[in-house]
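Visitor: Take a look at the letters that make up each chain.
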Amino acid sequence: METTSRLRRTPVITTTLTALGVAVAIYFSPWIFTSSYSRGLVVTFGIDALLALGLIVLVGYAGQFSLAQAGFAAIGAYGSAVGTVRFGWPPALAMVVAAAVAALLVYAMGRPILRLRGHFLAMATLAFNEILYLLLTNSTWLGGSSGFGGVPPFSLFGWSFADQVRQMYLVLCALAAGLWIASRIRSSREGRGLRALRVNETVASAHGVDPARAKTKAFVLSAVFGSVAGSLYAHTLLYVNPAPFGVMQSIEILVIAVVGGVGSPWGALLGAGAIMAIREGSTSFMPVLFGEGAVGAAEELTVGVVLVLVLILMPGGIVGALRRLAARLRPARATAADPAPAVAADPPTGPVDRADPPAVRLAAHGLTKRFGGVTAVDGVDLVLHDGEILGVIGPNGAGKSTLVNMLSGVQPPTAGRIALDGRDVTGRPAHHVAGLGLARTFQTPVMFEGMTVLETVLVGTYPAGRSGVLSSSVPLPGAVREERRLRADAERALERCGLAHLRDVEAAQLSLGHQKVLEIARGLVGRPTALLLDEPAAGLNRAEKQRLGALLRDLRGEGVAVLIVEHDMELVMGLVDRVHVIEFGRTLRIGTPAEVRTDPEVIRAYLGADEAEEDVRAGH
Amino acid sequence: MRDLIQIALTGVTNGSIYGAIGIGFVIVHRITGVINFAMGDLALVGAFGAVVLARDLPLWLAVPGGIVIAAVASVLVYLLGVRPLRRHQLLVQMIATLGIAIAVRSVLQILFGSDAYQLRPFTAGAAYTLGGATISRQALWVVAITVVIVAALTVFFDRTATGRAVTACAVNPFAAGVVGINVGLMAALSFALAGAAAGAVAVAQTPLSVITVLGGLTLSLKGFVAAILGGLDRIGLTVVGGIVVGLVEAAAAIYAGALYTTLASLALLLALLIVRPAGLTRLRTSTRV
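Taken in order, these protein sequences are the chains called A and B.
Numbering follows this note's numbering, with no gaps: position 214 of the first sequence is 214.
Numbering follows this note's numbering, with no gaps: position 223 of the second sequence is 223.
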């Protein structure tokens with residue numbers, strides 16, 4: 001306990017030090033950048049980085065990409081310009097209104113499109129940016145392709161950001177705020193949900209993350225970043241025209257994000273700096289190389305080639321490269337510290353005797369799943385009680401995994417009904433079912449790339465929390481408290497599963513056995529009332545299996561309804577209260593382990609006795 | 001009435017072009033899952049290739065030459081941009097095709113500048129008139145070439161062993177690999193076919209209207225609308241989708257003005273993605289009861 005509380009302190013100290021460093025850097029920036037030219041560059045850098053930061057939230061967190069970031073900047077820039085010049089609003093109001101308009105547009109566009117699998121958002125945003133650009137260049141009210149001027153400098157509470165030093169402060173402070181928000185979100189409940197989603201949509205939604213909703217939130221946030229950056233652009237240039245908001249500019253913002261690295265908010269800064277350096281450097285030799293006329297094309301060529309090269313040679317961008325470098329310099333200590341987990345000698349507890357009949361947690365009736373002509377599950381009735389361990393067994397291909405998929409909402413049934421705690425959840429999506437207290441593990445463990453063991457388990461706490469993007473980015477006290485509670489839950493789940501010593505190791509580097517146990521920790525951490533385990537013991541050694549058995553008995557004692565699909569008969573028969581045998585998608589037998597073990601039908605199904613040989617042949 | 005016939009003629013001509021570009025999207029997407037942002041620019045590579053070849057060669061050699069150049073360029077896109085990233089997420093591969101699109105466009109711009117280029121018509125002669133509306137001989141070439149593309153690809157995918165192997169990769173690349181199909185080769189082949197199809201119509205339309213290096217993006221977008229209308233899956237329906245786009249544009253041009261042609265197809269794309277992403281195909285409600 002001592003060590004965990006000390007470890008928990010470290011991020012706070014790092015954050016404070018980083019914030020302090022950023023504040024000092026911003027304060028002293030006018031003494032570093034003394035010429036008007038370099039200050040202009042800093043302002044451009046800040047706006048570029050803010051735009052790219054928005055994109056990182058979308059690409060790096062949600063795994064989608066938008067080609068309209070410049071378009072959202074246009075909404076901010078024109079919104080601020082029209083608001084201040086035409087309507088006489090104070091700049092801050094115009095900025096907020098513009099950002100709200102961008103957010104609404106993005107919500108209307110993103111919500112339906114992000115429901116689709118795949119990357120249709122890219123094309124949709126490309127079309128959106130083109131439409132916006134065409135409208136701006138052809139609108140006489142907005143000055144057409146030459147735009148209009150007279151935009152006042154930004155001002156807030158009587159403070160005017162008129163001269164270049166103040167503009168620099170303004171843009172850098174906005175960038176710092178953006179960085180703060182983006183990093184807060186990354187390690188928040190919603191951010192973890194998004195990053196899980198990016199790796200595996202099915203698994204993330206089985207932990208309660210609504211894919212379309214989460215991605216839409218990231219998209220809205222990225223557009224708000226874009227819009228604010230656009231407003232700042234208008235207030236520093238004091239003039240707006242359509243030229244800087246075309247599709248090509250959107251692509252360049254994407255390039256900045258990719259070059260810097262979408263895995264971290266800091267990638268935006270590194271990318272903006274790198275692209276600026278390339279551009280400043282290339283202006284000196286490009287005209288010599290390609291002739292004055294082709295400079296624009298040559299610059300675009302550089303952008304395109306750099307993009308492809310970075311993707312192939314430096315996946316993860318500059319941030320990724322720095323991380324790999326740091327990992328090589330740091331001695332590999334985390335993976336070395338892998339003592340054999342001290343198995344708590346839990347006395348094996350049998351089924352708990354109860355006077356009251358246990359409540360039905362999960363009930364399925366006539367559950368059927370057809371894939372084309374194949375009927376994987378055929379009219380199965382299944383009941384799972386609170387405080388019970390139900391074993392689902394059957395030969396390979398009997399339909400056990402499909403059954404679990406339907407019960408957890410991962411696959412909708414072709415026919416039949418499912419009720420969780422008396423509520424009908426037939427055909428409801430996995431994230432909905434998870435929100436009602438059902439957790440599950442998968443046969444093949446799915447680890448979320450780049451997440452530590454602790455973070456992986458924290459993904460499982462998603463249904464147990466409520467904090468949204470806004471409350472955790474500020475963060476509000478409630479969100480901080482909740483995060484602390486979820487972390488404590490996660491630490492406890494790790495301890496229960498004997499993984500506490502591995503909490504800071506990257507989950508993908510664990511052995512298969514540890515990954516299977518981690519899946520279970522991720523499943524039980526959200527305090528589910530029903531837990532479905534799909535072959536949890538496959539790949540575990542004997543000691544780990546014993547430990548798993550003890551853990552499941554404990555959960556049963558706490559009243560959790562546990563369903564376990566397993567091939568290890570020794571484990572199943574010694575653990576479960578009832579066995580549900582499935583063969584060819586149908587229920588063969590339901591009974592206590594003792595009943596099932598001696599049942600001739602079950603023996604036939606498993607051993608293929610002589611008299612049933614033709615059945616076996618027909619089945620294969 | 002004359003307007004309506006003209007809309008139909010222009011719409012079908014331009015629609016054939018969009019349809020063939022859309023077929024390029026469909027073939028590549030079916031096999032690799034990637035939406036190839038460089039599609040329109042690759043088509044232009046073919047057109048510019050034909051223009052250069054036609055300076056020294058007869059047209060009957062320059063045109064197939066242009067098509068071959070587009071196919072080769074498309075395979076290069078696969079080998080240089082997509083294949084090295086095949087173990088990464090589709091997102092990464094798509095961003096790579098975007099980078100390639102920019103690179104291709106800027107190379108074209110360095111080579112050819114911003115001038116407009118044209119090819120002489122395949123067959124000389126005056127335009128046909130139909131109820132007061134006109135259609136040039138070259139437009140008939142464009143439509144005919146698209147019909148040939150659809151017929152050839154349909155026969156290829158349905159009747160030949162190689163075509164079926166490509167389809168197998170589209171359905172299940174893993175299983176296709178297990179039964180001994182060279183999945184990488186089939187993906188390269190799909191890029192070649194996509195490049196050839198898009199290149200062929202781009203070459204054929206060059207005598208019809210001028211080409212400039214900046215046209216690739218617009219061509220991509222319109223072809224993509226056609227592909228979405230075809231459900232990103234059906235070759236025949238994609239051409240129908242292309243014609244829908246062509247008709248919408250032609251109508252917008254006549255009734256609303258030239259500015260609105262592009263705007264109309266872009267708005268169509270957005271609306272489709274938001275309201276009906278399955279396009280003209282049946283909505284895949286599949287398993288949900």
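No wet-lab data here; the hints were simulated from the structure.
Don't take every hint at face value.
DEER-style ranges, computed between Cβ atoms [said to hold, decoys possible]:
id: 1; chain 1: A; residue 1: Arg-323; chain 2: B; residue 2: Leu-214; range: 36 to 46 Å
id: 2; chain 1: A; residue 1: Ser-282; chain 2: B; residue 2: Ser-114; range: 12 to 22 Å
id: 3; chain 1: B; residue 1: Val-178; chain 2: A; residue 2: Asn-541; range: 57 to 67 Å
id: 4; chain 1: A; residue 1: Ser-146; chain 2: B; residue 2: Ala-124; range: 41 to 51 Å
id: 5; chain 1: A; residue 1: Phe-87; chain 2: B; residue 2: Asp-3; range: 52 to 62 Å
id: 6; chain 1: B; residue 1: Leu-214; chain 2: A; residue 2: Ala-25; range: 39 to 49 Å
Please read these numbers as outputs of a predicted model, since none were measured by experiment.
Beta carbons: idealized from backbone N, C-alpha and C, even for Gly.
Visitor: Which hints from the list above does the structure break, by number from lowest to highest?
Guide: 3, 5
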